[in-house]
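Peer 1: Chain by chain, the residues run as shown.
Protein chains: 4
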Amino acid sequence: MLFERIRSKGLAHFSYVIGDKNQAAVIDPRRDTEVYLKLAEKHGMNIEYVFETHRNEDYIIGSNVIKEKTGAKIYHSDKELDYDYGNAVEEGMEWMVGRLKIEALHTPGHTEGSKSYVLYDPDGSPWIVFTGDALFAGDVGRVDFYGEDRAEDMAGKLYDSIFEKIFPLGDGVIVCPSHGSGSVCAGNIAEREWTTVGLEKRHNPKLQVEDKEEFIDNVAEMLEYPPYFEEMEKQNLNPPSSEIGTIEFLDPLEFKERAEDALVLDTRKEVGFGAAHIPGALSIWEEGLPSFAGWFLPYDRPILLVDESGDPSKAVTYLHRLGYDNVEGCLSGGMLSWHMTGQESQSIDTVSVQKVCSILDAERPSFLLDVRPEEEIEEEGNIEGAHEIHITKLPERMDEVPEDKPIYIFCGSGLRSMTAASILKRNGWEDLHVVLGGLSGWSSTTCPVD
Amino acid sequence: MLFERIRSKGLAHFSYVIGDKNQAAVIDPRRDTEVYLKLAEKHGMNIEYVFETHRNEDYIIGSNVIKEKTGAKIYHSDKELDYDYGNAVEEGMEWMVGRLKIEALHTPGHTEGSKSYVLYDPDGSPWIVFTGDALFAGDVGRVDFYGEDRAEDMAGKLYDSIFEKIFPLGDGVIVCPSHGSGSVCAGNIAEREWTTVGLEKRHNPKLQVEDKEEFIDNVAEMLEYPPYFEEMEKQNLNPPSSEIGTIEFLDPLEFKERAEDALVLDTRKEVGFGAAHIPGALSIWEEGLPSFAGWFLPYDRPILLVDESGDPSKAVTYLHRLGYDNVEGCLSGGMLSWHMTGQESQSIDTVSVQKVCSILDAERPSFLLDVRPEEEIEEEGNIEGAHEIHITKLPERMDEVPEDKPIYIFCGSGLRSMTAASILKRNGWEDLHVVLGGLSGWSSTTCPVD
Amino acid sequence: MLFERIRSKGLAHFSYVIGDKNQAAVIDPRRDTEVYLKLAEKHGMNIEYVFETHRNEDYIIGSNVIKEKTGAKIYHSDKELDYDYGNAVEEGMEWMVGRLKIEALHTPGHTEGSKSYVLYDPDGSPWIVFTGDALFAGDVGRVDFYGEDRAEDMAGKLYDSIFEKIFPLGDGVIVCPSHGSGSVCAGNIAEREWTTVGLEKRHNPKLQVEDKEEFIDNVAEMLEYPPYFEEMEKQNLNPPSSEIGTIEFLDPLEFKERAEDALVLDTRKEVGFGAAHIPGALSIWEEGLPSFAGWFLPYDRPILLVDESGDPSKAVTYLHRLGYDNVEGCLSGGMLSWHMTGQESQSIDTVSVQKVCSILDAERPSFLLDVRPEEEIEEEGNIEGAHEIHITKLPERMDEVPEDKPIYIFCGSGLRSMTAASILKRNGWEDLHVVLGGLSGWSSTTCPVD
Amino acid sequence: MLFERIRSKGLAHFSYVIGDKNQAAVIDPRRDTEVYLKLAEKHGMNIEYVFETHRNEDYIIGSNVIKEKTGAKIYHSDKELDYDYGNAVEEGMEWMVGRLKIEALHTPGHTEGSKSYVLYDPDGSPWIVFTGDALFAGDVGRVDFYGEDRAEDMAGKLYDSIFEKIFPLGDGVIVCPSHGSGSVCAGNIAEREWTTVGLEKRHNPKLQVEDKEEFIDNVAEMLEYPPYFEEMEKQNLNPPSSEIGTIEFLDPLEFKERAEDALVLDTRKEVGFGAAHIPGALSIWEEGLPSFAGWFLPYDRPILLVDESGDPSKAVTYLHRLGYDNVEGCLSGGMLSWHMTGQESQSIDTVSVQKVCSILDAERPSFLLDVRPEEEIEEEGNIEGAHEIHITKLPERMDEVPEDKPIYIFCGSGLRSMTAASILKRNGWEDLHVVLGGLSGWSSTTCPVD
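Chains as they are written, first to last, in this note's numbering: chain A, 1 to 450; chain B, 1 to 450; chain C, 1 to 450; chain D, 1 to 450.
These are calculated hints, taken from the structure and not from any lab test. Fair warning: there could be bad hints in the mix.
Examples of chain A residues lying across from chain C (beta carbon under 10 Å, computed) [unchecked claim]:
{"#": "1", "residue": "GLN23"}
{"#": "2", "residue": "LYS42"}
{"#": "3", "residue": "ASN46"}
{"#": "4", "residue": "LYS69"}
{"#": "5", "residue": "GLU94"}
{"#": "6", "residue": "SER241"}
{"#": "7", "residue": "GLY245"}
{"#": "8", "residue": "ILE247"}
{"#": "9", "residue": "GLU254"}
{"#": "10", "residue": "PRO279"}
Quick look at which bits of chain B chain C covers, simulated, 3 or more residues with Cβ under 8 Å [said to hold, decoys possible]:
{"#": "11", "stretch": "307-316"}
{"#": "12", "stretch": "341-349"}
{"#": "13", "stretch": "392-406"}
{"#": "14", "stretch": "413-421"}
{"#": "15", "stretch": "428-438"}
Every value quoted in this text rests on a predicted model; they were computed, and no experiment measured them. Glycine included, each C-beta is placed from N, C-alpha and C at the ideal position.
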């Protein structure tokens, strides 16, 4: 018998492989599917089914890739009518994978068509429920995808799905959602990767409500909607079966030439990027790609990578999962080779929190920009005098940032603030300073009193 | 945050690594500890603690190996007074691993000193309980280690531990035991690797009782006690910190010479062993080593391996976990090289179930030997006319097997029956026949009616 | 700078990757090309060129697979006029891979279009020559592909290629051929994987000749021509770009049903196969597939695998390299599951050399069949009274084997003789006995004198 | 048969494993020996011998580690009289590894006791010669270890060793030295990893001489002698058998506390280090450790690592090979966590070559420091007006660097100049600027003419 959770770091996405005898099934596969195929082969199993909990909007689903390789049957929502592939699932449908029974529950709320899948123990009792984006550890799925008008309606459906479909399975049933802590699909997913109906019932803040109304009040809010979600929804109507290609390594001269029509994406951490980067480059550190690439990267223009991780395929995979098949090359030899061919580079100043103290003291007026989201600011504390623009809103609210003052940019650590700085730099701002350690560093330090 | 289950195949042993920030802890490590050290290093964590749930009798615990490499503190039972290492645990003791709290519960029953460890979610609620050999998926720990006299007493303690210490944690709490399906430590562990208090409460057959008395009645039985358990208990008073050594590959001539004072252990499957093996060899197929080596292998005599898996280190590791540090070499080139140097070999006949039909029909009296344990016979069905000796009892009940008749040996598949056949062969029996497919094959076939 | 030899075990095939800066080239790639792509990616290089030394007849070349993945340019012979892909190479053509110069030599003999490629050291001197099937360590390429009429002509060309093109490069130049010891492309390739012009000049037995005539006399012989060579030649006119697919695991009942229209190929070693196998199965041990599959396996009928190596993808890959894309499934659970579902199996007797002694002594007339090739018999010695049929000729000379006597089959070890036995068994022979250890075992033993 | 070269990157060290049947031998093993043990085990071989070509001064030899694990016999020089382990080798001694003969040649010059080992092909001809530090691809061993007085004498011996012992083996014999391009043991080792007697005879610049005298004149020069060589020589009299330990991950506060008595070594590249580093840290980029650690790191003081490669064990291994067993910890979470706890950091300015142009133009007097070695300056060109101090001499010639001017530091790329800058910074200099791209970048750019 096989039951494995596959974690996709960054996306904070969970998919699952279950199997018994020579049969296996995958729930919510990502696009780079080798991990599932290898696992099945290692256990002498054929992937017979792919189950989707819902039409995902935060990554390209790998169902068609698996189908192309194995002939697996795909099952997905019955409510999005425009699917071009696979089979619609209705509540109560059942499948067998070896001796394991799987049963579909209709659990709308996050989307109209959301399904959960109950896996039964070989002895016949409900064992695990794959809840997709309906119920997470410590949070529930967002309900705002159909607009403000329908948010309350969807929240009500989600309440029913959780309280009337999932809870009755029993407190001991294990809950396997599609996302873990760090996902863009819900703000407050807890870090416990393994959870149960009982734990969620007792500890999930969103579920500690008197009644349905209170739940709806808490949950029916409009959240951020990254531009790439729309692309994902479109592509997931009939997701691509293509796999990731070969990375092209460009020497500095080729890179420079091709960069003229491309976006240069630099995946190094904030300090390296700050010290020297290719003029015009956008900074998103490697592990930030799953969360931020979809906000700032184009689908219709080549992307060129500066990646010094030693394994650019990681960044390329992150982007591929978001449907970015337009990564056209990677700088061969990294920034060292760039400089060794005498190419120009730019820098963005990085400052320690200690230095910021002295600046704030100084008479010279400077502008403090805090790019953290509202909730984070509420939770972690704000910085007096800071102007708050969440980084995802920066492109549209850039005009609030003065061009004639030194700009000191804060986030929680320094990573997002360098992304913000690179966006401003690309748009003409010059006097930019990223605060190393961000609010966390700031909070750990006391500015000396004069 | 890190939480990983480490499965040791064969032993059906589960150990666990938990970690947060730069700290980690291991629960019930096995002796080959690289997996824990690598995992910790990969996550940038130091192993600070080793927690033992009880003094194990079925494998050598790796606590001292980890301590030697990392300086970790070892915590173990406070009731076995003769420990020579580590620190005693009392109920209520607490430790922090990063932001994770771990709390000790005293849960005697399997042993007097058995402890469980409750892991709290960073948000402070009980999340996971490591139950050791107290509570498994679908079964409970055995209570017969202190002899028949005390079995009921221990069963009562186990009842209290489960019903009064573990159940109150809440149905949603995840149960992480030390063993999974296939372990020698309990006969009926369910295949669900992941389980919860709620699932066990509702589905564990041993826990569906009216009261404590019924529980004691069900549980207080004397089970088989493999000879190596005693060795494990002794060694685990201060477990070795030595690691597995280099395997020596012996060419056929060296092997033959050294085999004179050694036991030859052949890890191939039943058909290959049957067709040709080194005279005097004992047959235990590779995956059978964790269950059967401890019954039949000596600690005080060299063991030489015939292993054609391509990776003899697997068999050596299986034996090392059971404290067999006396594997002195492996046949270089396998049986092929043995035969190519003109060495003699023996064979044991293997027969299909179809052929057995005709034999049973024949007038010639033959002896059917069923080497399966009683419970398996009860569950899967018996063979009419078969003489039943569980393979583990064969050495002491060998005289029940006639020497003047053809012996047809059955087990569930053919693997254990070849082990039995090799034991009889080593003791002088000649007319031996192993039934391929065993009872399973037998049940799938109908002997033709004349 | 990158220079790696890629060994394809079994095929005894060598391919090479060279690279410098961000450019790489592959010489004579095999069909499963991931190894080249990963190597290039790891070094930050793009594969720009594929160089073929000649149209291969012993495996499917991977040029088109690489081209599809990387856009690499393919270069091959200019003499086979019917190529449907790539570019023709003429002597003297040069390419640069980073700072490395590669130059083509026309070195016909093995085929009309055979090319060698000289790799220059960055400092400009000839460093390595990739000789394809022109010159091996200890042997030269066969010259009989155009028939007996042209063999002398081709041998003469090969002489000129070696003595007038390759020798003048200098004794110190390293020779990198397409095959190593064990290849079907030449009978006596030496085991030294690394060799040089100087070593070959001095030690290669085929090159220790007085003059061209002596060379031609030695070399112009007709060798065995396995049936699959024709298929390879045809496919290599425009080799497939398809990659290996997913393996389907069939449970015993499915397997049995589909075996009716398929060939069952069993890759276990001789003893296991002998003891019990699926009726009608052909025995070729895993490592024997590259050499013997092409003689005995059909391209136009499904192949089903019995493989207990733990990794059937190895056997599938071996077959895929020979163009067998008709492997349709693998027995799930191996022979154990076959027997456990009560399926019938057959056996072929295996006997030790000791037992053969007594048989030869006996009055009962038996038939000794030696399936080794002539050269091996000459070199290693023959068995008195044995009837010699090289295994590759067995299908067409089967009628020389009596059906009414016990047949004792010999090869060098027992592996090939089991293949022969399985072929005879499939054709109705019954009284078959494979001699374990083969001639090697036989030679190491003395039959006792009465 | 087995013959593998093991490359130790960074050290540019080559060791070799040869094997046949179930026997293997290792030539010049490094200290982290798992690679040899795994290779032998994978091939079913026992390591019987370790052969040392000479007492190494640039790394700790792994002979005793292998011996402890396998019982292998160690063979080393007979001329260094103070060895505390192993057996002395005399010219003409022979060993068999399976069918492979190995023969010792006495080839002094680099050291008095240097040996080469000739490996014979199974057919009996000289095939490969392991030359240690006597003969490299494109260079020869240095002869200055016994001081200026004896350099000519040793050069003469080396001449005899190469011309009278190695050359007579024949042009076709393959030369396998102990080092490749990039080693500190010779300045001009060619990039061709595979070479032969013939190639060296014809192309090695040091061997293109009229006579012995000319050779001596060319070769008998005093080279740099890093301080750690002495430590290596001492330790290699009886090299340690200890292996690398577990890495301790220190959170920023622990790190800071322990850094007070330790040297902080930062292995990031120049730009990241420049932007922000822990006050007092020494910069040596990861791949620079094998070459530069031995110049600047102490053996008698704890070393703490800042390593963001994702795998600090690589840096630790590099240091361990040089005998640095004093790496006591690694910063958990990297510089990000450092800043997030509000710790102070320092920076060193990095400037593009374009910016340097304008500076040179400016009136403000600045100081150009070129830290490249003399030969590199000669070969690649100098910078007008630059003050030249090879980085290895910087500690003793620091007083040549003015403290009151901006210092612009050049090397070939920017890496070594950041090491130099960090040394100066640790010693009080403040106005430091590292030129990105170094001379290479400088040469690719033209300063605009006013």
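Peer 1: Each hint should be assessed against the structure and marked as holding or not.
Peer 2: Structure-based check of all given hints:
Look at GLN23 (chain A): its Cβ gets to within about 9 Å of chain C, closer than 10 Å, so that hint holds up. For LYS42 (chain A), the suggested interface contact is upheld, since its CB lies about 8 Å from the closest CB of chain C, less than 10 Å. Taking 10 Å as the C-beta contact cut-off toward chain C, the hint placing ASN46 (chain A) at the interface holds, the least distance being around 6 Å. Interface hint status for LYS69 (chain A): upheld, as the beta-carbon distance to the closest one in chain C is roughly 5 Å, under 10 Å.
For GLU94 (chain A), the interface hint is violated, since its Cβ never comes within 10 Å of a Cβ in chain C; the closest pair sits about 21 Å apart. With a least beta-carbon distance of about 14 Å to chain C, the hint placing SER241 (chain A) at the interface is violated under the 10 Å criterion. Satisfaction of the interface hint for GLY245 (chain A) is found here, the shortest Cβ-Cβ separation to chain C being roughly 7 Å, below the 10 Å cut-off. Taken as an interface hint, ILE247 (chain A) checks out: its beta carbon lies about 6 Å from the nearest beta carbon of chain C, inside 10 Å.
With a least beta-carbon distance of about 9 Å to chain C, the hint placing GLU254 (chain A) at the interface is held under the 10 Å criterion. A least Cβ separation of about 22 Å between PRO279 (chain A) and chain C goes past the 10 Å threshold, and the interface hint is therefore violated. Coverage of the stretch 307-316 of chain B by chain C holds. Counting CB-CB distances below 8 Å, 3 residues qualify, and the rule asks for three or more. For the stretch 341-349 of chain B, the stated coverage by chain C holds: 6 residues have a C-beta nearer than 8 Å to a C-beta of that chain, and at least 3 were required.
Check result for the stretch 392-406 of chain B against chain C: violated, 0 residues qualifying (beta carbon to beta carbon below 8 Å, three or more required). A count of 3 residues in the stretch 413-421 of chain B with a Cβ less than 8 Å from any Cβ of chain C is obtained; the coverage claim is therefore met, three being the minimum. Counting residues of the stretch 428-438 of chain B whose beta-carbon sits less than 8 Å from any beta-carbon of chain C gives 3, enough to reach three: the coverage restraint holds.
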